[in-house]
Structure formats: structure tokens, C-alpha cells
Amino acid sequence: MKKNKPAYSRFSDHMQLVVPTRSKKKKDYFAYKPAKGWRNAPYDCLPLHNPPLCSHDEAIFFLHMASEVEHALMIQYLYAAFSLGGAQVPEDKRELVNSWRVKIMGIAREEMGHLITVQNILHSIGGPLTFQREDFPFDSKLYPFHFSLERMTKNSLAKYVVAEMPSEDFLKKNDPSLLKEMNIIKAIAQKGNKGKAINRVGMIYEKIQQLLDGVESEDFLKDSEKFQSPHSAWGTNDHKIIIETATNRADAKAALWKIAEQGEGEVISMKPSKEESHFERFLHIYRAFPAAGRWEASKHVPLNPSTNLPATDPDPSIITDEQALLWAQLSNQRYRMILLYLSHCLQMEIKPASFYGQLVSWTFGEMYNLRSISDILTTLPQQKGNRKGPRAASPFEFPYNLNLPAREMNKWRAHRDQLLNSRIIIDELLEYNDVAHAIYLKALRSADEQTLSVIKSIINQ
Amino acid sequence: MKKTSSIEPKNLTAQLHYRGEGNPPSTHPSTAVSNCYPGLEMDFRNVWKHVFEGIELLEYSNLVIGVDPGANEKIQRLISTGIQYELISVDGIPMTAPVTGPFRHAPEMIHDTMALEWSNALAEVLPKAGQFVLCKFQNSNNLREIISMELKVCHFFDVDLNRNGKVVNQRVVIAREMASPGDLTQSLCSPWQNDYRECDCFYWAASRPDFVNVEPGKDGKSKGNNWMQKDRTGTADKKYISDAEDGVRGNPVLVSYQDLFAAWEENLRYIIAGKDVPLNNPLKKVKTGVKKKSK
Amino acid sequence: MAIHDIHEIRILPAFAIARLGSSPEPMDNYDWEIPDPVGFRKLVPADTFYIDPKTGKILSRKKPDEVNFRDSKNRIKPISPFLEAWANFKKNGPLVPLTQKHLNDLGLTPSAIKWRVQLGNNKAFRRTKDPADKILADTGFYSDFIRKPLLGRCDNFLKGKKISFGFGQYIRPTPKFPEIRYRFTPARGYVYGPAPTKDQEKSNRFRNVLKDVVYDTHLGHWKGYQDLDSDPTTTAPASIFANSGSDPVKSLGYLDDECDGILELELQLKTKTLKAFARIVAGPPTFAPDGAPVRTVGDELEQALLGILLNEKVNRADIENILRRAMETVRLMNTTLMNHSVGMAWADSSQFGRTSQPIMDPNVVDNLAIVSRHEQVLLALESGSLAWFSRLLRHYNEVGDLTDEGRRKMPALMRGADGSHLALTRRMVQKILEAADLFQQHKHIVPGRKTKRSQ
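So the sequences go chain by chain: A, B and C. Going by my numbering, the first residue of the first sequence is number 1, and it counts up by one from there. Going by my numbering, the first residue of the second sequence is number 1, and it counts up by one from there. Going by my numbering, the first residue of the third sequence is number 1, and it counts up by one from there.
Since the hints were made in silico from the structure, they are not lab data.
So the derived list for chain A, only partly shown, Cβ under 8 Å to chain C, looks like this: (1) Val360; (2) His437; (3) Tyr440.
Within a straight-line C-alpha distance of at most 30 Å, the following computed DSSO-like cross-link-like pairs (lysine-lysine) qualify: (4) Lys3/B / Lys313/C; (5) Lys431/C / Lys240/A; (6) Lys351/A / Lys240/A; (7) Lys10/B / Lys101/C; (8) Lys223/C / Lys49/B; (9) Lys129/C / Lys223/C; (10) Lys230/B / Lys73/C; (11) Lys128/B / Lys431/C; (12) Lys226/A / Lys238/B; (13) Lys299/A / Lys431/C; (14) Lys114/C / Lys3/B.
Built from N, CA and C at the ideal position, the CB exists for glycine as well.
This is chain A alone, in the form it adopts within the complex (with noise of 0.2 Å):
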């Protein structure tokens, strides 16, 4: 998305803000008026599509802004993550440095395990799946906050945690010394979100739990089960990683609040010995993070990085220098490939007797590769010329289509189509002579080769 063209929204173009009554019946608290504009609507207000639809369609819609929330702040996670450590970290500090990359990107781990739960539940009621990945309707008062791929910094950490945070209620009456904490979190964050309220994630869970009583039982499908990715075949024995099937409204709830609970921590007690919420785990290195101006715990990486061609004025997110630009395309183009082996195995029916464990274990392979990729994005220069200035970063630009032909033998033409795309970009590389991680290079080439074989020999069958 280009940073020149005004701030678009699906979401926010199909829905309007209404104000709830102040009944305590839960089928009246559906019952609204709306609210007068977006931008002075109070802050308890809630969005619902517009014009309403019925319940099924509306539990879809908010599924789909979920899953579409939890990609967005994964890849923002991520992004922050990579962007951890450096040269610049002085000595001492770098194994607590270390220390977060690795928290953080398990964060990063388990909202995928949160998207991939989303999609059980769309399946558990039979809706289309998503991967989109929603940017920017900042003004949707579900949203967290606007979309940034940015370096770590104190105040990009304040957004995560108020984004994690639990209900100021909950705060309220368990931690009010922690609620005034985080009301001084919460002003950091709105300035680094220009001056916009940071939402929970939460409230988007609970809004769609309240939904799902809307939704007629006979509309739980119990034969989605063959169709719902379990734990076992994406946890990694991680029991950290939440991946829950449902066929029934309380499964589908509870898994609803499963996945709001490991990002809050409602119910999770504050106590360090029990399993960390998102949130305190945001919250532990935000109060150990230094201040700007003290040592630097993250390398100098672009805000918003973009492969797009420079436009009339140079923009300084653009990558310019040639090697770390192809770099960054080499990244786009994995990433396109983990979303799409992601959609072709997440719609297909699991049995032994199927490609499933092959898509999930090449899903997990391209995982891999971003991450080697990132590492190395951050050693090239951004800039053309400046090999002082700041580092390059894998601009996660969303592909131009993620949807696979309908016909079976088609998605893997699909998939043997990415793998020659890539084949392009690392062949370009290849002809530096200096160019870095040639012998990485060459051995992600002869992967690919070998899972195009395999591809190939499916189409040829």
C-alpha cells in the first residue's frame, strides 16, 4: 500500500458505529442507536455492519476482521522483532536483547496460531476462509492501531501493550496501581498512533462471541471437523501455541476465549510463575527497554519499507539499493507462498492420504525462509550508494491476488508458478558477484527444485 494514497478500508466502508442500550439482557445489547460520526463517537461504542446483516453473515464478517487483525499484528510483530538486536546493542545488554526477539517472536508464533484457530471457527459454521490482511481502517474501533512496520522502539512497544491490555474494568478491580501505569502507556501509544486511541484486540473476540449466540445451532457443522487444522499437525509440541477445532457453539466460544486470553490475561494471574499473557510479556520488556537517547536495542531499519519504484519524490522507505531490493522481493515472494500453501492446506479435507502434512510442512519452510531472509535484509544497506545508512527490512507487501484456482490440479500450478517466480528473483541475485549468502542462495535454488519436482510430478499424475 502505497503511503501517498489515502488510508482505504473494507471494513470500515461496510460498517457503522452505534451506541448500545444499557440493558443487561444480552439479546438487547444488540439494541442501538447510532452514533453521530466516527471521529466524536464515545469510546464504548460499537461497530456493527451496515446495513445489519443476519446473524450468520455478521459472525462471518467479524471472523474475517479478526483473522485479518491477528495478520496484520503478527507481520507487525515480527517486523519489530527482526528489527532487535544489531552491532549497535552494547555487550552487556545483548542477551536480554536476545531475550526479547526470542519472546516476541513466539508472540508472533502464536497469533498465527490464533489465525489458524479463526479459520477453524469460520469453518465450524461454514464460512469462506480468509488471508487477508486488513491495514488500515484506524478508524474502525476495532482496529488496534494503524498499521506500521517499524524498529523497535519504546513507543512502539507502548502500542503493543495497550493493544494486548485486559478491559480497564478488569484492571479496575485487580490492579488499579497497574491501570494507572497503563494509562501513562496508553497516552505514549496514542501519540506514536497519531494521536489515535489504541484498541484492545480483545473486544473484537468478545464482540464475536456475543455473535455467535446469534447463530443457529444447526449451522455448527460437525462434519468441518475433517476440515479444521488440530494442534498436533502445527503446534510443534509448543503447547504454547493455541490451535483449537470446534463443532459446536460453547467449542467455538471457548476457543474464542482462549485465544483473547492468552493476548490479556483476564483470568491469568499476574504472578510470574504462571504462563505470560501477551500482554505481560509486552509489558515486561516495555519497562525494561530503554528510553530514546540511551543505548539502542534495535538496529536502524525503514518505517514501512517498500520495493515500489521511486515516484517523483524519492521516499525515504523505498528500498533503492539494488542487491536489497531483489532481497525484498525474494521476501514478498515467500511470503505470498506461505499464504498461499496456508489457503490450499487450510481448505483442503486432512487425512493421511493427502497432500496436508506436505503444504503444512512447506508452510513451515517458508516460515523459516523469512526469517533467514529478514536476518539478512537487515545486514544490506536500504539506500543506493549509502552503505552508512539505514538497514534494509522485508517490506511484507501484500501480493497482488491470494486466490487459488478452484480446480484441485490448479492450485499446484498455482504453487509451481511461485517457485518459478522465485527462481527469477534468485537468479538476478545469483549474477553479483559479491552478493551475499550466495551459498544460501544456492541452496534455497536447489530446495525449490526439489519441491517443484515433487510439484510437477503431482500435475503430471
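Assemble chains B and C onto chain A, guided by the hints.
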């Protein structure tokens, strides 16, 4: 291949890794399996039986099965009473591990501990070679009865000692006392071909392949052949046929015990890059850069 | 420069493995190359000694045109290792290959070196516990250059019968190849046993199996031997000998020509006698010679020698080596089958009474998917990161953890020497954890020496 022309006597790592001129990789211990149950080239578990002076341990569990005739009375007691004693700890280091998991039997029928394999269990003990360590033995029928005694840890590698018992020179060959001729292979299958046919484990696949000629199937399942299948010609539909689940190794499609005893060389194929190497066809010629003289 | 004394002699390699084969041609030397970090190793011809069997001289050293494990009649060429005498000439002096010239400097000839080979096959003895069932070969000390038959004798054999364990040969040093070396050539992989019964003689099943009838069933009880449940000292696994297939399992009394033992060297100088020894083993061929097992005797020896902790920084070549071996093992395993009804899935249930369940999620355990996961770990290593493998390693004392989570740790689906789930050596685990730590801190990991011999 660069020739090694000298090695410092204290550079034991280099001596351990040295392969020898003219020797291919498969002559080196780094190509011999060591997760032995019982093993292929040797049952390396046998090398630990005599690690403690005066006693002999079973190679695969912590049971004491023998004592030296000249050992003291306390050591003799480990065998002489007819009670079976198991070595449970050495200098506080456990020689066992807990067994946990969902079980299908009642708890009283479950063995909740197991003996660790010696190599890892003794890894912290071997550096104490020449010293006495506190060994605890448990009566296997009465777990409350524990006998403790100090036993000397033998030197695992061949060493020279001074008068004070201090090591003044060490080599990388396993000490004679650890194993006599015939000891390292004694608990393998007899004949070795038996193992190739009946082992259900198949995880020494790097030496004894299992799943070969593998390619993706139409339905998403890999398809390939069992290395034990007689017919795996290129045109045959790739199926993996096994009688491992049957309990009886009699499927005529698979190489039989007799085939292996009588003609193992014909019935076992080399596998390169995951695929059968056809008989009578050498591997693709590799150019060595050596020019032949023109005739 | 002339030497005046030999301080110490060692035989290197200290542990050599020979591999059976019936061809009269020994296998040529070859090396491994790794052209593709995630692909297969390549076998390339390497410098090979060609020996005159009659004189024991090295006729030439050259690279063959190709790597071929069989001769023109499809017989497998035995792997016949050379063992070298290394010496130093003063205390703590560097060890160098001992040569004819060194001996000449001391007024000696190569015949001053005496060799002795002692080999044993105690497979029958291990079961019967009858010392008369031990099969032992002993050349005594000798110093000529002829091929020395290594004949295994047994008190329970028929009169005059022996089993050949192959032959040894002191290689005659020459000006061109002056080093002192010995070559062990293993046996041909025959099966021996007792005289067949009349029924067995008629049966197809027993025809042509035995190379020779050697065992005297009047003297020994190897034939008919049975592992008893009441005997806690049977082998593990038990009853792993040729048998008739019926219950109870009784031995047919078969024997093979595998063996293990010691090669010794003795050199008498004026004022002292120098001795050295090495260990030799004869086993079956490696039928997938472009790979190596995930845990090897080399790993055990390294841990026994150097301990669990690393004295120097871990190097990438070591990590790559371990990961590559894991990949090479799973590549040739039917992981789908081993996930549920055979292998560890079966062993957990039968041995420990665990509820019978698949180990990994059956939907993701297909061979190509598992291999792909391992290739990705190797690929990630190339860029300086260590993916999931380090997080999922099974520690040595977790081998009894038969929960779902425990069984899915790495290496998965494989059996260790204790009969439970495999753990790598503690030293190997330490290397991987330290490397993962260094990568996470973006610290440089020492590349390690990569040579054609990298394993």
C-alpha cells in the same frame, strides 16, 4: 584429499577423526550405528560392561551379572546371594529415568522407571577414571534394600599411568579391559542377516535402508518400495509391501531369511540418492580429471 | 633427518571397520562431497592403494574411474581398511607415519615389526554361556608379508573345522610407499552351522544356506538353544538368531563370519619393546553409502573422550553434520508405517504398556513431508539460523517420557540403545543448543573445516 602428515600426541580429537590413507568413510566409526538394539556393525553397548572395577554389568540394563573372582566380599555379595542387584546411581547421578505416559494397564503393573543406556548415563562418570565413586545398588525384588559401595572407574581409553596412578599419556583406542576379542559383536543377531529381515525398527536406514525409490503419489502419500521387496523394477507400481505388522516374516514378495543366508549379495541392493543401483551397472562415471593416454 | 630413537608407536586409525563381501577385489577408496547442502552426498573416487596380493607391495596409488561397490560378477567388494603405524621420536614429539626409513635409521628392517591379530565371534557363547562356544582366531606375532588367513577355531566345532574371518596382510613398504601399514580384509559373509537333519536336507528352506558344516552338536548346545523368559541376561532384543519359525523359538545353530578384535604391533628395539594396538570389527556393508546414521560409534567415542561440555566454540560443520545425518536417516524410513503399528509405536505399547496411539499426527507424517522438514532445517542453517530442531531435542533422561509431547521430540520414531525413544548423545545435544544460542544472539558461528572427508 590432503594427506595428514603429523598429529600432536595430545591432539586426541585429530587421532579420533583420522580415517587412514586409502580408507573410505565406511571404515570409520562415524558410519557405524550406535543406537544399538542390538546394532549392525557391533553392539557398542558391550563396551560399558566392565567400566567399574570388580563388576560386570549387563550391556542393556543396570543389572549386575558378574563379579571378578578376586573382588572383595562386599562386591561379591552383588552376585553371591542370588539376589539381583541393579546399579541405580553413581556419585548421585541417576542411572535410571522415569517412565510416564498414558498406560493401558493398571498402575501397579507399570514399570515406572527404566535403565538408561550407558553411554549417556555414564558420560559424567567417565572423566573420573581412576577414582573411586559411590555406587548404589538396589535389590530388584525389594526396592528398599540399597547397597552402597565405592567402586573404581576404569579408564575407558588406553592410558599410561605413573606410580601414583595419574595419567601421563593417553591414546584414543578403547582399553583392552573394556572388551576382549568377540565381545563387541557377541550380542548381535546370529547370523547378522536375521536382523535385516526381522527388525521392526528400520531406523538405521542410513545403513540398512527401508523405504526406497520414493516419489509423491497422486493421493498425497509418498510411494516407494520396501528395500526387502524382491521385485522393484522401474515399471512396477510402487508399493511398499511389508509383513512387519503380521508378526510372521513369510510374505513371498519379500526377501526371505533363506534368500539372505544363501545369497544376501544378490538380494540386497545398494541405494544411492534414495534409488536402487541396478546390478551390473556401475554408477555414472565420474570424471576424475586424470587424462587417459591416447592409444 | 635421521632418527635415533622411537619414543612411542600408535596404530591409527584406532578403530577400523571392515565390511563383508565375497569379491576377491577389495573396494576402492572413495570420498563424500556435498555439492548441495540439502541434497544427497556425492560419492567420488579417491586415491586407492592397489596391492600385489603375493608380495604385499603397493603397486600403485591412483583414483579409479568410478565408484563401484560390485565387481563384474556383481559380487560385493569387501571394505578392507588399512591401519598405520604412527610414531614419535621424542617425548611429546609430533606423531608421524612410521616408515621403512625410520627403521633403517635404527639399523632395523620392516621385519622388525611384528603383528598379531586376535578376532572373536562370541555370538553362540553369549547365549549358551559355554566358553567352548567362543570362536577365536589368533595369528600370534608374525612379521612376513604374505596374506595371513584369520581362521576362527572353536572347541565345539567338528574336528578340523574352522570359520574364516578373512585375512590380514602386513603391507610391504617400498621406497615409493615406505609407510608401515597393515590391511585387514574381512570374510565373505557366509553362514555356517551344524549338519542339517534329514528333513532339513529335503527342505527347500535349508538348502544352499550353509557354506560349511562346522558345529558339533554332540559337544555344544548352540543348536536348539532357547532364550528363556526366566533368564534376565538374555540379549535385548531376545531370540535374534536363525530359528525354525515355530514356538518356542529355538536356534538352528547358525553362525556367521562377522567378528571383532584387536590388531597389535610390537617392535623390539635395543633397550625396549614398543607396543601398540587398535580395534577392528567386521560387519555388513552400508547399503546406503551416501549417508551416515544419526547417532554413531564416532559420536560415542567423541563423548567418552571429550565429555559433554564443549571446550571450544561449536562450529557449523558439526551441526550441519548432525542435521544432515538426521535427514539421511528419515529419508529412507517409512515414517507413515512407523508412526502407528511398527517400530516405536509398537514398542511403547508392548514393552511399556503404553496406550497404543500414533506418535505424530498421522496427517503430517508422510515421508516426503518429514524429509522436507529436515531439509528446511539444513537450509535455515545455511543462512545462520537453527529452526525448530533445537527446541524439540529429547534430552538423555527424557527417553522414558511416553506422553504425546515426549514421543514427538527429536529424533522421532527411532529406538535408542535402552530400547526406548532415541536421544542423541549429550555432547551432540550440547552442540546444537549452543549453536542455537549463538544464532539467536546473531553471533558468528565458526564455520568449521569442510573437507572432502566431511561426514
